[in-house]
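Residue numbers (the working numbering), protein chains in the order written: chain A, 8 to 247; chain B, 5 to 223; chain C, 133 to 391.
Quick caveat, the hints were computed from the structure, so don't treat them as lab data.
Positions of the beta carbon are idealized from the N, C-alpha and C atoms, including for glycine.
Wrong hints could be hidden among the right ones.
[To be verified] Examples of chain A residues lying across from chain B (beta carbon under 10 Å, computed): (1) SER91; (2) VAL94; (3) TRP98; (4) PHE100; (5) VAL102; (6) PRO104; (7) LEU118; (8) GLU145; (9) LEU148; (10) ILE179; (11) LEU182; (12) SER186; (13) LEU196; (14) ALA200; (15) ASN204; (16) THR215.
[To be verified] Covered stretches of chain A (in silico footprint by chain B; criterion: 3 or more residues with CB under 8 Å from a CB of chain B, positions within the stretch not fixed): (17) 76 to 90; (18) 206 to 214.
[Unchecked claim] Simulated crosslink set (DMTMM-like; lysine to aspartate or glutamate; CA at most 25 Å straight-line): (19) C:LYS277 / C:GLU262; (20) C:LYS303 / A:ASP111; (21) C:LYS225 / C:GLU317; (22) C:LYS277 / A:GLU145; (23) C:LYS210 / C:GLU262; (24) C:LYS225 / A:GLU145; (25) C:LYS303 / C:ASP334; (26) C:LYS225 / C:GLU200; (27) B:LYS179 / A:GLU145; (28) B:LYS179 / B:GLU14; (29) C:LYS303 / C:GLU165; (30) C:LYS303 / C:GLU378.
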Amino acid sequence: MGVTPLAIMLGLTAAALWWLAGHEDYRPFMPGLVEGAAVTMRITVAGAILAVAAALTAGLARLYAPAPLRWLAVTYVELFRGTSALVQLFWLFFVLPQFGVTIDAFTVAVLALGLNVGAYGAEVVRGAVLAVPLHQWEAGLALNLSRRQIVARIILPQAVVAMIPPWGNLFIELLKGTSLVSLITLADLTFRAQQMNQTTMQTGPIFTLVLLGYLFMSLTITIGMRLMERRAIRGLGRRA
Amino acid sequence: MIWDWAFAIEILPRLGQAAIVTVQATVMGFALAATLGLGLTLARIAWPRTALPISVGVELVRSTPLLIQIFVLYFVGPEIGLVLDALTAGTLAIGVHYAAYCSEVYRAGFEAVPRSQWEAAEALNLNRGTALMRIILPQAIPPVIPALGNYLVALFKETPLLSAIAVLELMQTAKIIGSESFRYTEPITLVGLFFLGMSLISAALIRLVEARITQGVRR
Amino acid sequence: MMQDPMVRFQNVTKRHGSHIVVDGLNLDVARNEKVAIIGASGSGKTSLLRMLMALDPVDSGEIFIEGEPLTHMERQGKRLPPDMAHIRRMRGKVGMVFQSFNLFPHLTAMGNCIEAPMRVLGLTRAAAIERATELLEMVGLASRKDYYPSQLSGGQQQRVAIARALAMRPKVMLFDEVTSALDPETVGEVLTVIRRLGEEHDLTMMVVTHQMGFAREFADRVCFLHQGRICEEAPARDFFHNPQNERTRAFLRAVLEAG
Numbered sequence: 008m009g010v011t012p013l014a015i016m017l018g019l020t021a022a023a024l025w026w027l028a029g030h031e032d033y034r035p036f037m038p039g040l041v042e043g044a045a046v047t048m049r050i051t052v053a054g055a056i057l058a059v060a061a062a063l064t065a066g067l068a069r070l071y072a073p074a075p076l077r078w079l080a081v082t083y084v085e086l087f088r089g090t091s092a093l094v095q096l097f098w099l100f101f102v103l104p105q106f107g108v109t110i111d112a113f114t115v116a117v118l119a120l121g122l123n124v125g126a127y128g129a130e131v132v133r134g135a136v137l138a139v140p141l142h143q144w145e146a147g148l149a150l151n152l153s154r155r156q157i158v159a160r161i162i163l164p165q166a167v168v169a170m171i172p173p174w175g176n177l178f179i180e181l182l183k184g185t186s187l188v189s190l191i192t193l194a195d196l197t198f199r200a201q202q203m204n205q206t207t208m209q210t211g212p213i214f215t216l217v218l219l220g221y222l223f224m225s226l227t228i229t230i231g232m233r234l235m236e237r238r239a240i241r242g243l244g245r246r247a
Numbered sequence: 005m006i007w008d009w010a011f012a013i014e015i016l017p018r019l020g021q022a023a024i025v026t027v028q029a030t031v032m033g034f035a036l037a038a039t040l041g042l043g044l045t046l047a048r049i050a051w052p053r054t055a056l057p058i059s060v061g062v063e064l065v066r067s068t069p070l071l072i073q074i075f076v077l078y079f080v081g082p083e084i085g086l087v088l089d090a091l092t093a094g095t096l097a098i099g100v101h102y103a104a105y106c107s108e109v110y111r112a113g114f115e116a117v118p119r120s121q122w123e124a125a126e127a128l129n130l131n132r133g134t135a136l137m138r139i140i141l142p143q144a145i146p147p148v149i150p151a152l153g154n155y156l157v158a159l160f161k162e163t164p165l166l167s168a169i170a171v172l173e174l175m176q177t178a179k180i181i182g183s184e185s186f187r188y189t190e191p192i193t194l195v196g197l198f199f200l201g202m203s204l205i206s207a208a209l210i211r212l213v214e215a216r217i218t219q220g221v222r223r
Numbered sequence: 133m134m135q136d137p138m139v140r141f142q143n144v145t146k147r148h149g150s151h152i153v154v155d156g157l158n159l160d161v162a163r164n165e166k167v168a169i170i171g172a173s174g175s176g177k178t179s180l181l182r183m184l185m186a187l188d189p190v191d192s193g194e195i196f197i198e199g200e201p202l203t204h205m206e207r208q209g210k211r212l213p214p215d216m217a218h219i220r221r222m223r224g225k226v227g228m229v230f231q232s233f234n235l236f237p238h239l240t241a242m243g244n245c246i247e248a249p250m251r252v253l254g255l256t257r258a259a260a261i262e263r264a265t266e267l268l269e270m271v272g273l274a275s276r277k278d279y280y281p282s283q284l285s286g287g288q289q290q291r292v293a294i295a296r297a298l299a300m301r302p303k304v305m306l307f308d309e310v311t312s313a314l315d316p317e318t319v320g321e322v323l324t325v326i327r328r329l330g331e332e333h334d335l336t337m338m339v340v341t342h343q344m345g346f347a348r349e350f351a352d353r354v355c356f357l358h359q360g361r362i363c364e365e366a367p368a369r370d371f372f373h374n375p376q377n378e379r380t381r382a383f384l385r386a387v388l389e390a391g
């Protein structure tokens, strides 16, 4: 979908939330759900930062690092892509303490989700870097730039454009993945919904608000990434 | 002791039973996803007027967490007279969620078939429906099989979410074993290894199929 | 005292798998000399330039630039394979322009010309811009300095690529079929720039080309490569007027008929 229909959907979502928030069947749930949404956003942002850092490190290590580091990167990527996000979350939450390592739930959530998305991101980074023509390397070498300079100044800036759309999808996956943290007792949007559902049994209104809330956050991310992509393409002097 | 082999072996049969439920949910869920996804794509080609509502629907499903969708189907369903057992509700939610992804995959497949194929079919006086089913569809599907395979694996890895509505699949069983015995290391690690093994095998299979298909196209 | 040649290939061999691309080749290029290298595709012309730019390693033999070995280094009288620092020091003497331009698409014409001078030579931004402005003026593109490669024609891109290479102040400039990827109407503008460069600057130049007319008037010497060896070399006038070798004659006939 183009940016305009997405923006219209975002507008409608916001309007629906606004209207429902004033409705007496829905109003009582708003404060708790807003608090939950704040937790969801904090985990998403922290997770996204970790994911990008992990993806760049692992993706570039897999391409350019000496053998042992390269294997480490491959192991990380395959391990986190091969098992499921919930298993990783539970493993960090339930199993690590048995090894004497206790981390608070928020950190566990950010670690598990960030590293999970980062593993997929590493493949995105690798693919985008490999898509930059070999010629660009040679042009850099002929100008006597060092390997590090070529990667940082020539290859990565070109690869970034190709990375933006898949990263947009990964950030959406990350946002949706944060709902899993409700299962390790973090009070995110999903957790609040579950809790209120159990105490009030007002299933319809609660889950309507929650769905709209997630939709609002997803659409914001999608539109933001689309705009970023346009800017990046314009940075190459091409028409968006 | 950090890892207890005897305990690990002792719980294997129970996890094996649970793995059957996991596989069952995966197969049923993906069958739904693949057919519903194709149906949506064919609908938007056959009746262009449905394209916008389908796009919006797909966007809605993809933009919200599967876990919430599972809850909605399981908890809100009964309010509108749709009483489902946990496994059915969960599998249905997973299937619908991934149908949204699959429909995008199919769409890419159909868009990759050159316009001239439609024109060639038209020139032979085939009607639109026949052209779609006999000429376009057979060309559109094979190239996207690997992408569908990737979503099959992704779907498989999301089945642990069913534990949230107490379906006795692998993750739920592992948690129950953990809470009974206060040993989480073995059950959760074994579940992780099961997923890792299945994923690696599937990835290898997909690569194999992909190679086959590219060969077929070149020929 | 006899001065070292600017470039010396000594018994250089290059293989791709079992295929011999360059076969025990010897070639000296004097300071400021302009050498045109011609030959059929696959005769090893491009390989020669790529080895001199240290993009591809030699399989055997040696290459010297200003008497200094590129393909090995000497430490305390011992012969060692070249390390990165050595290769980069030697690369600094050479500049190369590619068939497919290879401009950096995310940088403007100016950005392309100042990146390496700033990062490699350590020029300040202002100094790099001054140098680049001068060079872009020389190639006739001062007014396009803020354009991105995708906004320039092929001929303009190739002229930026020439300015970019010159900004590193190389002693030897390599041109690898620089007009082959151009539309016919823009070939002339690029050749004019190369020609003027030869006339106005003290530069050793090696030009791989299919433009026989250009080779004849531009080069001091023409080398004809066949199966990785120099089959014939002669001052440009002699080479085209009176080729000695039967293969050369056949090649020239074929090229002239086609052109």
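* Which of the listed hints are broken here? -> 7, 8, 9, 20, 21, 23, 27 and 30
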